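A.B. asks: Build out the structure end to end from the sequences listed, making use of the hints.
Chains A and B, in that order, give the protein sequences.
All residue numbers for the first sequence refer to the numbering used here, where the first residue is 1 and numbers rise by one.
All residue numbers for the second sequence refer to the numbering used here, where the first residue is 1 and numbers rise by one.
Simulated from the structure, these hints should not be mistaken for laboratory data.
Where hints are given, some of them may not hold.
Pairs of lysine-lysine, BS3-like flavour, derived with a Cα cap of 30 angstroms [what the hints assert, rightly or not]:
# : chain 1 : residue 1 : chain 2 : residue 2
1 : A       : Lys-425   : B       : Lys-65
2 : B       : Lys-65    : A       : Lys-20
3 : A       : Lys-57    : A       : Lys-35
Predicted model only: the values in this text are computed from it and were never measured.
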Amino acid sequence: MAETVVAPPLRVIPIIPELKPDAMKDVRSFVANEKIQTAIGFPGQLVDDWHDRALGKMGELLEKYRSLKVYMDACVHCGACSDKCHYFIGTQDPKNMPVARQDLMRSVYRRHFTLAGKLFPKLVGARDLTREVLDEWYTYYNQCSECRRCSVFCPYGIDTAEVTMAAREILDSVGYGQKYTNEIIGKVHSIGNNLGLPGPALIDTLQGLEEDVKEDTGVDVRFPIDVQGAEVLLITPSADFFAEPHIDSLIGYAKVFHAAGISWTLSSKASEAGNFGLFIGNYDQLRKIALRIREAALELGVKRIIVGECGHAWRVAYSFWNTLTGIGAGADDPFALQLQRQLDGRYRQPTHICEFTWDLIERDALRFDKSANDQYVVTFHDSCNVARGSRMGDMMGGQFEIPRNIIRAVANHFVEMPEHTIREKTFCCGGGGGLLTDDLIDLRVKGALPRMEALQEVAQTHGVNFMATICAICKAQFSKVLPYYQFDRRVVGGVHQLVSNAILLGPTP
Amino acid sequence: MAGTLMALLFYLAFLVFAGGLLYRIAGYARTPAPLKIPTTPAPTTRSGVVLRMAREVLLFESLFKANLWIWGFGILFHFGLALVLARHLRYFTEPVWGWVDLVQPFGIYAGFAMALGLAGLWARRLFVQRIRYISTPSDHLMLVLLLTIALSGLSMKFIDHPDVVAVKRFFEGWLHLSLQPLPESVLLVLHLSCVALLLLIFPFSKLLHAPGVFFSPTRNQVDNPREHRHLSSWAAARYEGEGPRG
Numbered sequence: 001m002a003e004t005v006v007a008p009p010l011r012v013i014p015i016i017p018e019l020k021p022d023a024m025k026d027v028r029s030f031v032a033n034e035k036i037q038t039a040i041g042f043p044g045q046l047v048d049d050w051h052d053r054a055l056g057k058m059g060e061l062l063e064k065y066r067s068l069k070v071y072m073d074a075c076v077h078c079g080a081c082s083d084k085c086h087y088f089i090g091t092q093d094p095k096n097m098p099v100a101r102q103d104l105m106r107s108v109y110r111r112h113f114t115l116a117g118k119l120f121p122k123l124v125g126a127r128d129l130t131r132e133v134l135d136e137w138y139t140y141y142n143q144c145s146e147c148r149r150c151s152v153f154c155p156y157g158i159d160t161a162e163v164t165m166a167a168r169e170i171l172d173s174v175g176y177g178q179k180y181t182n183e184i185i186g187k188v189h190s191i192g193n194n195l196g197l198p199g200p201a202l203i204d205t206l207q208g209l210e211e212d213v214k215e216d217t218g219v220d221v222r223f224p225i226d227v228q229g230a231e232v233l234l235i236t237p238s239a240d241f242f243a244e245p246h247i248d249s250l251i252g253y254a255k256v257f258h259a260a261g262i263s264w265t266l267s268s269k270a271s272e273a274g275n276f277g278l279f280i281g282n283y284d285q286l287r288k289i290a291l292r293i294r295e296a297a298l299e300l301g302v303k304r305i306i307v308g309e310c311g312h313a314w315r316v317a318y319s320f321w322n323t324l325t326g327i328g329a330g331a332d333d334p335f336a337l338q339l340q341r342q343l344d345g346r347y348r349q350p351t352h353i354c355e356f357t358w359d360l361i362e363r364d365a366l367r368f369d370k371s372a373n374d375q376y377v378v379t380f381h382d383s384c385n386v387a388r389g390s391r392m393g394d395m396m397g398g399q400f401e402i403p404r405n406i407i408r409a410v411a412n413h414f415v416e417m418p419e420h421t422i423r424e425k426t427f428c429c430g431g432g433g434g435l436l437t438d439d440l441i442d443l444r445v446k447g448a449l450p451r452m453e454a455l456q457e458v459a460q461t462h463g464v465n466f467m468a469t470i471c472a473i474c475k476a477q478f479s480k481v482l483p484y485y486q487f488d489r490r491v492v493g494g495v496h497q498l499v500s501n502a503i504l505l506g507p508t509p
Numbered sequence: 001m002a003g004t005l006m007a008l009l010f011y012l013a014f015l016v017f018a019g020g021l022l023y024r025i026a027g028y029a030r031t032p033a034p035l036k037i038p039t040t041p042a043p044t045t046r047s048g049v050v051l052r053m054a055r056e057v058l059l060f061e062s063l064f065k066a067n068l069w070i071w072g073f074g075i076l077f078h079f080g081l082a083l084v085l086a087r088h089l090r091y092f093t094e095p096v097w098g099w100v101d102l103v104q105p106f107g108i109y110a111g112f113a114m115a116l117g118l119a120g121l122w123a124r125r126l127f128v129q130r131i132r133y134i135s136t137p138s139d140h141l142m143l144v145l146l147l148t149i150a151l152s153g154l155s156m157k158f159i160d161h162p163d164v165v166a167v168k169r170f171f172e173g174w175l176h177l178s179l180q181p182l183p184e185s186v187l188l189v190l191h192l193s194c195v196a197l198l199l200l201i202f203p204f205s206k207l208l209h210a211p212g213v214f215f216s217p218t219r220n221q222v223d224n225p226r227e228h229r230h231l232s233s234w235a236a237a238r239y240e241g242e243g244p245r246g
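C.D. replies: Laid out in structure tokens, this is it:
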């Protein structure tokens, strides 16, 4: 399949594309096998009584999640969201319009949970949950990256990500899970990180990095791991340990810690910031994966927890860690207090690496040679989970300003992409939400279209040749799809990659 | 006879509307939001959230960002409807409240605005490919119902004027559980029947967007997850020992 994938042409005038019904109906992510499913407590294959169990699960979720309950009722089919999804724009499949994606579930909700749908199904667009409907759920709920762009524009704030998560939760509960995401969740439990990198390999990699940086800079920058009593525990996506361009940002974090003179450590137990439990909407998995970080923090006795460049991980850390694990402040229960008493209350817990670096820059604690980035005209791609599901600093919108401030502090040339493609209106890279898998490469290439159009525009008008971002998935996705759009794969990189290029490590002159 | 039937229909419609709506609202209020999911731009304080909700409900802020056509027609319809409803309070108050008197002349224009907004929304539903695709028969019928209410109302003002004093007597009587005759007018019966039907289907239809928006977690949550531990009742119960709601 991969050979035949072609990027759609960039639109000269970005008019809303025509509908191509069923254009993506055959693009189905691989289904998880029995081993993958049972390893994380789901049925191995589609159960015989899937119909009743799926409806039972749906009823349960409607009782547990106000979002789902309200969002199933509130939609008026106004169409505000209908042209907002990058997958719709790239594929033209009407079922990739957010409202139509929601309606795949809403139609079943109406049939089985509402009076109108029980009495007059045709009138209100209600459908029985048939095997065809279940398959359609699997196909199209695995074509949503849960980026929440539609939610920004909905007059009721209906969040398709909440619906997609519920659908995946229901599918998992009847044994119809997605291979990519569920396999990774298994790996994080058995090995400690999404990439399945065992502890010894990790330690080797970090030693190699120390040697590389020494060779490059002549300075002994450390990459410590499992250091008892360190001030900071750094939780970063495992891609940072060896994938390109991720690793350059890891080097950037280490240089910042070095320059600031703050003791820090990684953890072999919690060697992963990513939390794919989010993608399948499963509270138990979300919590269990996040708890590894709490345990590592307690064992190592750290005072601060800092999170590296990873979009959905930052959403989980910022928005959910306090709820799930007590990493945060303001608790009055013993479980959370056990950790909150250990953490230093003078700092935000958790802290994003960009908040940390920007605080140091504001205090004049770091020195840069900005000309080191002069070969670049930089733009910034807001990652969806950071942009729409989290914050940085003390101000609304800090998640937009702080990374940009850092870029301006370390590079001379910075340009914004068009306004409707940045900040809270940013377009997903096309690979988020558990879709960063080769079996979905067709979808990923097409889903990147709106971002590629925006990049092309600033590349032409301003000569932009570097798109900085703070998400491991964005970096991996763009590295893969940029060539389909005739860009060099190295156009994408991390914010701390730019920091790493410009930071001065020697003694103050 | 027509008056008695209409009065009874309105008692039924009102009971279903009020009871159904309360039941729905209670359901939304009872269901926990286990995670913090406000969407950007999310206020960091409770008062900020009140302001955000006010902008959302009064100005349709998000819709404005999304699509100016839908926003424009939506504003015309909803604000038109609000003024028209205010104007109709004169049938239920004696003496008529001062501000209700004041809005009377605007109420007429509002009636046209309402009809124009509805027509615009329906035209989009019929002619814009994406919106036609997502429309169900009930979406069209809902607009037909609202348009019928608006046009029959306007017709009574400009074409066939029923005895409004008698109409007022009917509704004042209705309020005090005393059945009064209704003036004989086909338009009036059509108008009132459609209003009753609208009240009847309200709690079972997409009209629930009206209470729903206030319960939407992406819009009504305060963005302070690092400062306050947010724990739902079911999550606290499931992971016993973690303590009470935060």
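A.B. asks: Give a verdict on every hint.
C.D. replies: Structure-based check of all given hints:
Of the supplied pair hints, the one linking Lys-425 (chain A) and Lys-65 (chain B) holds, its CA atoms being roughly 10 angstroms apart against a limit of 30 angstroms. The straight-line distance between the Cα atoms of Lys-65 (chain B) and Lys-20 (chain A) is roughly 26 angstroms, inside the 30 angstroms bound, and the hint therefore holds. Annotation: proposed proximity of Lys-57 (chain A) to Lys-35 (chain A) holds, straight-line Cα distance about 22 angstroms (limit 30 angstroms).
Going through the hint list in order, the structure satisfies each hint without exception.
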